[in-house]
Amino acid sequence: MQDASILPVLLAGGTGSRLWPLSRSLMPKQFIRLTGDQTMLQQTLQRAAGVNAQAPVVVCNEEHRFIVAEQARQADMALDRIMLEPFGRNTAPAVAMVAMQQRARNADPLLLVLPSDHLIDDDERFTTLIQQGAEAAADGQLVTFGVVPTGPETGFGYIEAGAPLSEGSNALAVSRFVEKPDQATAEQFLAAGNFYWNSGMFMFRASAYLEELRNNRPDIYEACERTVAAMPQDPEFDRVPAEVFEACPDESIDYAVMEHTQKAAVVPFDASWSDLGSWSALWEAEPRDEDDNVCIGDVVTHGTRNSYVRGESRLVAAVGMENAVIVETADAVLVANRDRVQDVKKVVEAIKNGDRTEHHAHARVFRPWGDYQSIDGGHRFQVKRITVKPGEKLSLQMHYHRAEHWVVVKGTAIVECNGEEKLLTENQSTYIPIGATHRLSNPGQVPLELVEVQSGAYVGEDDIVRFEDTYGRS
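Converting from the sequence shown to our numbering requires adding 123 to each position, the first position being numbered 1.
In case anyone wonders, no lab produced these hints; they're calculated from the structure. Keep in mind that a hint or two might mislead.
[What the hints assert, rightly or not] Think about it this way: if two alpha-carbon atoms lie no more than 30 Å apart in a straight line, the pair counts; the simulated DSS-like pairs of lysine-lysine are:
hint, residue 1, residue 2
1, Lys533, Lys303
2, Lys303, Lys475
3, Lys468, Lys303
4, Lys512, Lys533
[To be verified] Estimated spans, in silico, between C-beta atoms of each pair:
hint, residue 1, residue 2, range
5, Thr560, Gly211, 28 to 38 Å
6, Gln311, Val456, 36 to 46 Å
7, Asp421, Thr560, 40 to 50 Å
8, Thr308, Glu445, 35 to 45 Å
Think of the CB as a built atom: it goes at the ideal place given N, C-alpha and C, for glycine as much as any other residue.
Let the sequences and hints guide you as you build the complete structure.
So this is what it looks like as structure tokens:
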């Protein structure tokens, strides 16, 4: 059953709260263009393709399934499967379920486990290092890739390496895993020369991982077996059933397996790498001007140095700022000292606790059929700009608490309301009463754009009942 093929497993979960307000739970950092013209997920897909691997499996939250599919399509990258988790249970169960599915196919590939939100500038070096890891993984080792440290970083866990596995091998035996150290300990690790940052990238044969997981964490192994057995058949997605999966322990590969196995090996990873875990990390990764500023978008600075300034929807001007992070989006602005950006997640927590929505979604929200953007709102009303892609349609739905007025500003719409259809073109409008069963479609060749005015006692997104849906949401 063993083979030498490589199956990339891209982990695309997480909420990315440390890069708020650009990153939200509905659009975390792996789906955003942070550096370059591609999103972090698209960059990872392209990088994985360079190792001459199979089409990858992507593991993500159910809320992000259409974002993953669309971004893979835009990058012209074929996917083997998209596995949808109803909630996160960390990396150990996610990878176990992929391995078990491969076993069910009578396959035993080398699993290349990659976070989908890391920045690696040197793809050629990445490919070389992965090939080095594949040699050890094919021999039964569980390989992790340890980043060669560039400083005494206290924000990462460390891996202490021992001797090479064999003469001429680039893989080293793992002596121990170390939690995030204090400054003095990090400086000792750097001076020692045999400590590496724990990158969260792994490579091992599917069967070897499952064997070590069963030996060290049989509770996780058995929970994943039950979950995979209960997965419904779906031609597009592997849907993890919530009622079974909720019993699975929440654990990382490091804690569940790598810290206990006698087969752990580390390949020193000396390609340019960053986990982009904070705005400060993004400042370090981006090209800077003569004042050591990173300026993205419509930005004007005066007397500002060592700062990251980003404007997403309007002009941002920074005067006399030093060591600052300024990030503007359509509905929120972050201003922080660059040395305190790790505390951004505390702001996000305060927003959550304040019964607000800015942690969850942007003003512009993407859907499989297109997107909508909230442009105004108040007591008992909300105004949105809706864009429907050519050939797409919304679900057949109704609302208990709101009526809707639609005005077409571009393109052509087919509106179904209580069983009757009408065709609308630019400058035409229609009214959807409370309780009416309705659907909006774009039969044209160009995007349909319309303005929607909602009015009623409640205009929240959860006031929706779907009867039919092209995208499996009913």
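Confirm or reject the claim that glutamine 311 and valine 456 have a C-beta distance inside 36 to 46 Å. 41 Å, holds
Do the alpha carbons of lysine 468 and lysine 303 lie within 30 Å of each other, as the hint requires? Holds - the C-alpha atoms of lysine 303 and lysine 468 are around 18 Å apart, at most 30 Å.
Would the hint linking lysine 512 and lysine 533 be met if the CA-CA limit is 30 Å? 12 Å, holds
Holds or violated: lysine 303 with lysine 475, Cα cutoff 30 Å? 27 Å, holds
Range hint 28 to 38 Å (beta carbons of threonine 560 and glycine 211) holds or violated: The hinted range 28 to 38 Å holds for threonine 560 and glycine 211, with Cβ atoms some 35 Å apart.
Consistency of beta-carbon spacing, glutamate 445 to threonine 308, with hint 35 to 45 Å: 30 Å, violated
Are the Cα atoms of lysine 533 and lysine 303 separated by 30 Å or less? Violated, at about 54 Å.
Verify the CB-CB distance for aspartate 421 and threonine 560 against the hinted window 40 to 50 Å. Once the Cβ atoms are compared, 43 Å apart, the range 40 to 50 Å for threonine 560 and aspartate 421 holds.
Violated hints, listed in ascending order, are 1 and 8; each of the other numbered hints is respected by the structure.
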